[in-house]
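S.K.: Sequence:
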Amino acid sequence: MTDPELRWGVLGSTAHISTRVAPAIHRTPGNTVTAVAARPGRTEASGRFAEPFGARVHDGFESLLADDEVDAVYIALPNSLHVPWTLRALAAGKHVLCEKPMALSEADCVRIEQASAGLTVAEAYMYRFHPQQRRVVELLASGEIGDLRVVRAAFAGRTDSVDDIRYDPALGGGATWDVGCYAFDTALWAFGRAPEKVRAWFHHENGAMVDTSAVATLDFGDGRAALIDYSFDYGPRSRYELQGTRGSIEVRNAWATENDECLITVVTGDGSREEVLPAADPYEHQTIAFHEAVRTGSSPLVTLADSKRTARVGEALVESARTDTEVTL
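Quick note: the sequence shown uses full-length UniProt numbering, first residue 1, plus one each step.
Any given hint could turn out to be false.
[Claimed, not checked] What follows is a set of in silico ranges between Cβ atoms, one per label pair, in the way DEER data are often shown:
hint, residue 1, residue 2, range
1, N253, S298, 27 to 35 Å
2, S161, G41, 22 to 30 Å
3, K197, D68, 46 to 54 Å
4, T268, G93, 44 to 52 Å
5, A107, S142, 35 to 43 Å
6, T19, H204, 27 to 35 Å
7, R134, R193, 17 to 25 Å
8, S80, G235, 22 to 30 Å
9, G143, P52, 41 to 49 Å
10, T303, T257, 20 to 28 Å
11, R239, G41, 36 to 44 Å
[What the hints assert, rightly or not] Straight line, CA to CA, 25 Å or less: simulated DMTMM-like cross-link-like pairs of lysine to aspartate or glutamate:
hint, residue 1, residue 2
12, K197, D222
13, K197, E319
14, K197, E326
To be clear, the hints were calculated from the coordinates, so they are not data collected in a lab. Think of the CB as a built atom: it goes at the ideal place given N, C-alpha and C, for glycine as much as any other residue.
Can you make the complete structure from the sequences, with help from the hints?
M.R.: The structure is reproduced here in structure tokens:
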């Protein structure tokens, strides 16, 4: 007996990220894109997006959420809209895969958690599902590099258009919530907990209303720390390193997409080696894992506890930069 198909709706069919995630959902066995929606009045653009999937087009998000033939929704809206539409989707009885950041505060993650009884809701940190990331988790757990002491992570890509929604503070813009969250999320899963203190320094290129670059430290106590940088002003840069007492693991293309070969370098006192993994689509792996969580009622790989912790750290980094002080969590 085959598992029932998971029928997806896409909120934000004109978002760039939807052009990568929705096709991956649709070509993954057991999943189909059934309906799409953009803001009211944008049905023509939504129609072009929906055509390859044979999906219905709804004129507005509420209409899609009222569709009884949608089981789960993928939310690809501006950051400031993630919480309200996640809550509305859950109230409509839909499972939710929400683009990161799910929320800009821990308190909003708690609201989502309280509304999610009986439904699967997860934050779409796609890199966590990539076989490359799974391999790094295995290597770290093996103890080959000893006790983890330092995480160094950087994610940057130059963005020249200030008309991009990522430059709009009202929409939850800024480098911290767009690229920085990948860098500090890396430290959080690697150490398996939140830091005790953080310190961040923000830069606002050309007087931008949001942070466009940042450098930050996360103090996990007992000599354990993370050093991160992220930016819209320079790049490309996409890597992290896990430094242990007996060696290190470096991931050269940390947030690899479906066309990127993956290279992991392990250095210990016995020498160094490189592990090359073939390209893989992290969005397909994310869909498979989400479907399995829905089918079994198990916790998704990126749990709401993870999301609460990540949001709490993001809030602390913003507060640290604003007050020019160290912030204790």
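S.K.: Determine for every hint whether it applies to the structure shown.
M.R.: Comparing the hints with the structure gives:
Range check, N253 to S298: about 30 Å between beta-carbon atoms, so the 27 to 35 Å window is met. Look at S161 against G41: about 23 Å separates their beta carbons, and that is inside 22 to 30 Å. As the Cβ distance of K197 to D68 is approximately 49 Å, the hint placing it in 46 to 54 Å holds. Taken as a hint, the range 44 to 52 Å holds for the pair T268 and G93, whose Cβ atoms sit roughly 51 Å apart.
Checked against the hint of 35 to 43 Å, the pair A107 and S142 passes, with Cβ atoms roughly 37 Å apart. Range check, T19 to H204: about 30 Å between beta-carbon atoms, so the 27 to 35 Å window is met. Take R134 and R193: their Cβ atoms lie about 21 Å apart, and the range 17 to 25 Å holds. Between S80 and G235, the C-beta spacing of about 25 Å keeps the proposed range 22 to 30 Å intact.
Between G143 and P52 the beta carbon distance is about 46 Å. The supplied range of 41 to 49 Å therefore holds. Evaluation of the 20 to 28 Å hint for T303 and T257 yields a pass: the beta carbon distance comes to about 24 Å. In this structure the hint that R239 and G41 lie 36 to 44 Å apart at CB holds, the actual value being about 42 Å. Restraint check: the Cα-Cα separation between K197 and D222 comes to about 12 Å, which is no more than 25 Å; the hinted pair holds.
As the CA atoms of K197 and E319 are separated by approximately 12 Å, the hinted pair is consistent with the 25 Å bound. Between K197 and E326 the CA atoms are separated by roughly 7 Å; this keeps the pair inside 25 Å, and the hint holds.
In this structure, every one of the numbered hints holds.
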